[in-house]
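Peer 1: Kindly produce the complete structure, drawing on both the sequences and the hints.
Protein chains: 2
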Amino acid sequence: VNDTTAMGPGREFDAIRALVRRWGPRAKGIGSDAAVLQIADGERVVVSTDVSVEGVHFRSEWMTPEEIGWRATMAALSDLAAAAARPIGVLAALTVPPLWRDALVGLGEGIGAAAETAEAPIIGGDMSDGVSLSLAMTVMGRAMHPLTRDGAHDGDALWVTGTLGGPALAFRAWSGGAQPVQAARERFVHPRARIREAEWLRAHGAHAAIDISDGLVADARHLAAANSARITIALDDVPAFEGCDAAEAAAGGEEYELLVTAPTSLDARAFVDTFTLPLTRVGTLSRAADATVGVTVTRAGERVEITGGYDHFSP
Amino acid sequence: VNDTTAMGPGREFDAIRALVRRWGPRAKGIGSDAAVLQIADGERVVVSTDVSVEGVHFRSEWMTPEEIGWRATMAALSDLAAAAARPIGVLAALTVPPLWRDALVGLGEGIGAAAETAEAPIIGGDMSDGVSLSLAMTVMGRAMHPLTRDGAHDGDALWVTGTLGGPALAFRAWSGGAQPVQAARERFVHPRARIREAEWLRAHGAHAAIDISDGLVADARHLAAANSARITIALDDVPAFEGCDAAEAAAGGEEYELLVTAPTSLDARAFVDTFTLPLTRVGTLSRAADATVGVTVTRAGERVEITGGYDHFSP
Numbered sequence: 517v518n519d520t521t522a523m524g525p526g527r528e529f530d531a532i533r534a535l536v537r538r539w540g541p542r543a544k545g546i547g548s549d550a551a552v553l554q555i556a557d558g559e560r561v562v563v564s565t566d567v568s569v570e571g572v573h574f575r576s577e578w579m580t581p582e583e584i585g586w587r588a589t590m591a592a593l594s595d596l597a598a599a600a601a602r603p604i605g606v607l608a609a610l611t612v613p614p615l616w617r618d619a620l621v622g623l624g625e626g627i628g629a630a631a632e633t634a635e636a637p638i639i640g641g642d643m644s645d646g647v648s649l650s651l652a653m654t655v656m657g658r659a660m661h662p663l664t665r666d667g668a669h670d671g672d673a674l675w676v677t678g679t680l681g682g683p684a685l686a687f688r689a690w691s692g693g694a695q696p697v698q699a700a701r702e703r704f705v706h707p708r709a710r711i712r713e714a715e716w717l718r719a720h721g722a723h724a725a726i727d728i729s730d731g732l733v734a735d736a737r738h739l740a741a742a743n744s745a746r747i748t749i750a751l752d753d754v755p756a757f758e759g760c761d762a763a764e765a766a767a768g769g770e771e772y773e774l775l776v777t778a779p780t781s782l783d784a785r786a787f788v789d790t791f792t793l794p795l796t797r798v799g800t801l802s803r804a805a806d807a808t809v810g811v812t813v814t815r816a817g818e819r820v821e822i823t824g825g826y827d828h829f830s831p
Numbered sequence: 517v518n519d520t521t522a523m524g525p526g527r528e529f530d531a532i533r534a535l536v537r538r539w540g541p542r543a544k545g546i547g548s549d550a551a552v553l554q555i556a557d558g559e560r561v562v563v564s565t566d567v568s569v570e571g572v573h574f575r576s577e578w579m580t581p582e583e584i585g586w587r588a589t590m591a592a593l594s595d596l597a598a599a600a601a602r603p604i605g606v607l608a609a610l611t612v613p614p615l616w617r618d619a620l621v622g623l624g625e626g627i628g629a630a631a632e633t634a635e636a637p638i639i640g641g642d643m644s645d646g647v648s649l650s651l652a653m654t655v656m657g658r659a660m661h662p663l664t665r666d667g668a669h670d671g672d673a674l675w676v677t678g679t680l681g682g683p684a685l686a687f688r689a690w691s692g693g694a695q696p697v698q699a700a701r702e703r704f705v706h707p708r709a710r711i712r713e714a715e716w717l718r719a720h721g722a723h724a725a726i727d728i729s730d731g732l733v734a735d736a737r738h739l740a741a742a743n744s745a746r747i748t749i750a751l752d753d754v755p756a757f758e759g760c761d762a763a764e765a766a767a768g769g770e771e772y773e774l775l776v777t778a779p780t781s782l783d784a785r786a787f788v789d790t791f792t793l794p795l796t797r798v799g800t801l802s803r804a805a806d807a808t809v810g811v812t813v814t815r816a817g818e819r820v821e822i823t824g825g826y827d828h829f830s831p
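Chains as they are written, first to last, in the numbering used here: chain S, 517 to 831; chain G, 517 to 831.
Honestly, I wouldn't trust all of these hints.
Quick list of the computed label-pair ranges, beta carbon to beta carbon [to be verified]:
#1 T580(G) / G817(S): 52 to 60 Å
#2 Q554(G) / R533(S): 35 to 43 Å
#3 E577(G) / P613(S): 16 to 24 Å
#4 P613(S) / G759(G): 34 to 42 Å
#5 D789(G) / G721(S): 57 to 65 Å
#6 Q554(G) / R575(S): 37 to 45 Å
Please keep in mind that the hints were generated in silico from the structure rather than gathered at the bench. Treat the numbers as computed from the prediction; the structure is a model and nothing was measured. No residue lacks a Cβ here, since even glycine has one placed at the ideal position from N, Cα and C.
Peer 2: Written as structure tokens, this is what we have:
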């Protein structure tokens, strides 16, 4: 049963109706001006918005419409994971050029599958014409005690979920005109927001978290800045994807894994047993004077420079 | 004082920092993965997302960057007004092509001014490169008793705020290569979300509401569909902007005025005294069998056809 409010006539609304039919019970209340949510006493509402633009975040030759929809949705949900928030709703604002209209149901299917995996109904959105495909995904979540970027304690260790470098490998293959190996491609097109993992980490003592969308080192820099801290990362400890150098794994973005700070006593084995996903200690964090805030990367004890981390506004 | 979480280096983050500096105390907590909000017991959270795309919703020759930012933000806030919700936060996901980067501060100023007018802090967003300027604005609000589209009672009268047709006049002038008169232009570039007006209307007995973004008749069709009702609108009663025919006023979109259903006893004079804004009874609503759900428009008692209402997906 779908409680979608009826909409008037028009091709734009026909397109929305087709999506909503496809979503079935995964959509709730679409067709109103705004979605209405009820929040339990004492819980915080966590919200984030994330845009995926054709030609900037992905190329249409690389992915099916389903994969584009999935990836855009999970990328947004990953920001909720960073806050250890449980998803309560997804809003999809889609800019769909004429050439993409036939792909709309596929895009919707990917959005719906990702939302369903994260147990979040699709509660709203918008649809517009335009010259390039763009998915602006807004996600809402709830948490009694959200994790933030800036809660690190002096002396925390730095832990990362998963294995890094798959998306970088896929990107490198595509950019060179080749097809990536299937496992690397999967990491790019089917990221998973680490929702349950984040709740576990918060419950087991994590102090601060960020998701690795810009790359391990680039996001560690955000974490360092947010905590006025010096972070040291040992490349030798970075869990690299097969076929990927540790430096590439540490620089590559689009991971949507979590980087958390926690006491060195964190029980990584219990995490691995629960989620069948690696949790690896990759560095340390210590409070620092302003001039020394930042990230140091070492290999075999020697300091190395890591560049990279995607910056849309680089020349 | 700004509690923006520190961000790491990078030109994208420099651009965000420049915006946040410009916003000053109007921005809160930007730089985290997600914004965190506290909601009072019993209140509902209302959320909506709305995209404004260059070349679809506006042309850059028509408006300054400040006006583009203002209009995109107010268009989104207008969906909160339709729910009689009080704004609690704005998220701005901006796709900014290279040619628009110098205009970013102006866009931000318009977004900030609109958010400030609506008493909503800017709590998050995203920034991306792209080939055309796009502003995906997500707005959050709170309400103990949100108004919805589908709450109309059989026999309600239909009331509209403000004077209609200004944006249509401006659009017509621009499309013909002329400059619109200043008052009509203002209605297009500086819409006002009817936040306080909506709260008043809800408190004084309104049953259902929608904002007129698609046009009076087109949005009345949505209202009819949502309530399984027949709506009759008398063009003779439509409050038309000076220089605008009632039919054009009833068809033109981009108004961001409110269309509400309420008992015929609604005290319009008290509304006008409070807000110095017209509130005009333009029609009636009655429950209808499926085959007769829709909108009838009359002029001097004769039925007329109104086309229009912007549809992005029309050929």
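Peer 1: None of the hints should be skipped; say for each whether it holds.
Peer 2: Consistency of the hints with the structure:
1. T580(G) / G817(S): 52 to 60 Å: 56 Å, holds
2. Q554(G) / R533(S): 35 to 43 Å: 36 Å, holds
3. E577(G) / P613(S): 16 to 24 Å: Distance hint for E577(G), P613(S) holds at roughly 22 Å.
4. P613(S) / G759(G): 34 to 42 Å: 35 Å, holds
5. D789(G) / G721(S): 57 to 65 Å: 59 Å, holds
6. Q554(G) / R575(S): 37 to 45 Å: Holds, since Q554(G) and R575(S) (Cβ atoms, about 41 Å apart) stay within the stated range.
Of the hints listed earlier, there is not a single one the structure fails to meet.
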